[in-house]
Amino acid sequence: MINEPSLLPVLVFLAFVGLTLGISFYLGGKAKSSSGYFAAHGQIPWFVNGVAFAGDYLSAASFLGICGMIAFYGYDGFLYSIGYLAGWVVALFVIAEPMKRMGKFTFADALNAKFNSRGIQLAAGISTLAVSVFYLIPQMVGAGVLVQPLLGFDHWVGVVMVGAVVILIVVTAGMVSTTWVQFLKGSLLVLFSAVLTILILQRGFEATDGGIDGYQFTTIELPGIRSVEEELVEVGYTLLPVEEAWRDKSYYRVTSPTSNDELVVKEVNSASDSKRTLVECQTRTPVADGILVNGKLQGSVIGDEPPTDLHPVGHVRTLPAEFLSTQRTPDGNTTTGPLGPIAFLRVFSESELVIWSNEKLQNEDGTATTIFYPSLTRGAQVLQPGAKFTGIRKSEFWPKLNFLSLMFALFCGTASLPHILIRYYTVKDAAAARKSTIVGIATIGFFYVLTLYLGLGAMTSGAMDVTNENMAAPLLARSINEWLFAMISAIAFTTVLGTVSGLILASAGAVAHDILKGYVGLEMTDHEQVRIAKLASVAVGVVAIALGILFANMNVTYLVGWAFSVAASANLPALVMLLFWKKTTCQGIIAGVVVGMASSLGWILLSSDTFAQVYDAPRPDWLAVLIPFSQPGIVTIPLSFLTLIVVSLSTQEKQA
Amino acid sequence: MSSSTSQTANARLGLWLFFMYSLFYFGFVVVCAFAPSWSAWELTPGLNLAIVWGFALIAVAFVLALVYGLACKTDTVPANTVPANTVPTDKVQTDTDAERSR
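First to last, the protein sequences are chains Z and H.
For the first sequence, the working numbering gives the first residue as 19, with consecutive numbering after it.
For the second sequence, the working numbering gives the first residue as 10, with consecutive numbering after it.
In short, the hints are calculated from the structure, not lab data.
Only a predicted model underlies this, so the values are computations on that prediction, with no experimental measurement involved.
Every residue, glycine too, gets a C-beta built ideally from N, C-alpha and C.
Be careful, since some hints might not be right.
[As the list claims (entries may be wrong)] Partner residues aside, some chain Z positions facing chain H, computed with beta carbon under 10 angstroms:
#1 W106
#2 L419
#3 F426
#4 I462
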């Protein structure tokens with residue numbers, strides 16, 4: 019959709035970014051040595067560090083991606099919330115304390131504490147780099163998404179802006195400022211999400227005929243005796259020619275007898291068998307001189323009407339019977355008024371909602387049209403798993419395994435993320451590491467409970483952009499109040515800044531400390547090491563910008579799921595075995611990290627999801643035999659464990 | 010010595026809690042994957058099994074984290090108490106040693 023910038027959000031936004039940069043510059047002046055740059059001298063208070071964990075972790079993916087996925091698919095987005103939080107249990111109970119005791123600056127230090135091997139340093143450094151870059155992609159995509167409605171820029175401008183600001187932050191600052199900025203943002207994000215949730219509950223639900231722009235979508239009821247075409251003509255519609263690909267999928271193009279507008283309608287399953295129902299769809303076709311939306315050029319102005327655009331969607335059509343006679347809005351719609359958190363879920367499950375899905379069709383002239391179509395769903399249906407992970411409702415085995423694999427990777431992934439692991443070095447001892455993790459779990463858990471309400475609130479707000487799931491949370495805020503929209507967008511954007519700087523810092527540490535100093539054996543003074551790390555930050559930042567533009571249209575949380583898979587496959591087996599198995603050898607760790615990283619990356623790059631959504635190309639059949647599902651975790655994590663064990667056993671030194 | 014015992018005790022407690030939570034988590038995941046119809050079962054109107062179990066997974070993670078935090082023996086506590094008792098005697102000994110050598 020077109021996004022018109024308004025002054026207020028821009029001002030709030032600039033104030034926020036300015037404040038963030040100010041803190042970075044001020045504190046950055048204090049971190050000159052390498053232990054200050056990478057680990058904040060180990061002097062961050064545990065409570066601050068705990069909330070900073072939340073700031074690091076509740077990234078663009080959590081906020082934008084999960085809300086978006088819940089807003090478009092319901093419960094399945096919440097599965098990510100559950101998985102992301104469960105991962106903290108692994109981090110706290112298994113990894114936190116030993117990590118704190120073993121390491122100094124980076125994840126590779128911890129792995130290498132026992133063996134002091136250049137090989138481990140290199141393998142762990144590269145895996146840190148790979149995971150960080152993978153995790154950077156969704157953050158950058160999220161940044162672009164936020165800037166679009168806020169400042170009215172194109173997606174790529176947002177990506178470049180974030181990249182530039184973050185490079186500036188990291189180069190001038192380091193872990194001290196990053197931590198304080200994360201603390202600030204972590205608290206504000208949770209606070210404002212809570213405010214937003216309270217406002218959603220206050221607003222309750224309202225039964226409407228369409229989105230917030232007031233446009234009423236057409237529904238055509240036909241007797242269902244003869245062909246669709248004949249019956250459409252009979253009630254006054256003029257049929258327009260459609261391509262074969264459209265007809266096969268029950269799409270028709272017609273001219274309305276009342277308004278003379280051109281409509282695309284789709285036949286849907288009717289409530290009663292004897293009748294036939296057709297619903298109005300929305301279309302989007304990129305052409306040479308712009309984008310056609312619903313048959314007209316996007317942004318074109320006809321008469322006094324607002325510029326042509328897709329209509330915002332997502333609304334409640336009917337509320338439970340108890341509200342039908344009681345409450346009315348000034349427009350005459352039924353409304354529930356304020357609801358409690360449990361009543362909210364009950365009313366939602368008993369209401370009928372209109373939610374939108376999409377389908378992409380190739381046209382004969384080489385263009386491709388995305389058709390967005392509504393479907394009427396009972397709320398209770400939306401509150402069950404299976405709308406996004408459709409596989410779990412089927413009887414086949416592979417789709418179910420795909421789902422298990424994702425949930426397994428989310429569980430194992432948190433404790434293997436380098437930018438989370440380095441935060442254990444910013445506090446003074448193991449007890450502080452433990453306490454800050456508990457604060458982190460409390461903050462993050464509370465936020466994830468809120469995501470369900472934010473997502474369902476967005477789904478029924480009438481403000482959703484059919485073309486972009488990731489925009490759900492900011493658009494929801496805008497539908498309530500412009501101020502709130504400004505605050506939420508600014509916080510989310512600074513959250514992106516913070517997470518990205520944490521990731522870039524982790525990558526820079528990997529390059530300067532692990533690879534160049536540890537592996538290449540470059541002699542560096544403390545000062546030089548910090549300078550090399552800053553140069554590395556710039557390079558990683560540029561790569562991240564490029565990837566952020568490339569992956570613009572994927573759900574950010576889905577991308578994060580992949581980063582978790584790579585992290586869990588490459589890092590977790592090495593970390594766990596080193597802590598709990600005495601026979602682990604240096605060679606075993608190197609082999610485990612390399613095999614876990616290579617297999618999970620390879621699996622993702624060759625998966626059917628990547629072929630469909632990134633390469634946009636057909637996938638060779640033989641790959642389907644080799645890689646029958648998209649999520650690698652359930653195969654590659656055990657594979658990495660197995661490699662580590664086998665190599666360790668075969669390289670045991672003879673005990674005297 | 011005392012710090013390594015507390016480390017082992019903490020690690021054992023951590024692994025137990027981890028194991029308990031894993032069962033709870035993977036129980037949920039397996040039900041979602043292989044018996045999705047169960048998750049629609051409503052405990053009270055609006056609160057189906059998927060939602061209640063999901064919220065519970067978040068709440069239980071926090072409760073177990075608190076249990077762990079309270080039950081864990083801290084390295085610094087024994088490390089501080091042990092020297093507090095031994096330091097004076099050590100000092101006395103070194104003093105007498107010094108006197109003897111003199």
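Check: Taking 10 angstroms as the limit, does the beta-carbon of Z/F426 come near enough to a beta-carbon in chain H?
Finding: The hint holds - Z/F426 has a Cβ within 10 angstroms of chain H, the shortest such distance being about 8 angstroms.
Notebook entry, point to check: Minimum Cβ distance from Z/L419 to chain H below 10 angstroms?
Noted result: holds (8 angstroms)
Check: Was the hint right that Z/I462 lines chain H, CB cutoff 10 angstroms?
Finding: holds (9 angstroms)
Item checked: Interface hint for Z/W106, Cβ within 10 angstroms of any Cβ on chain H -> Hint holds; Z/W106 Cβ to chain H Cβ min 7 angstroms, cut 10 angstroms.
When each numbered hint is compared with the structure, no violation occurs for any of them.
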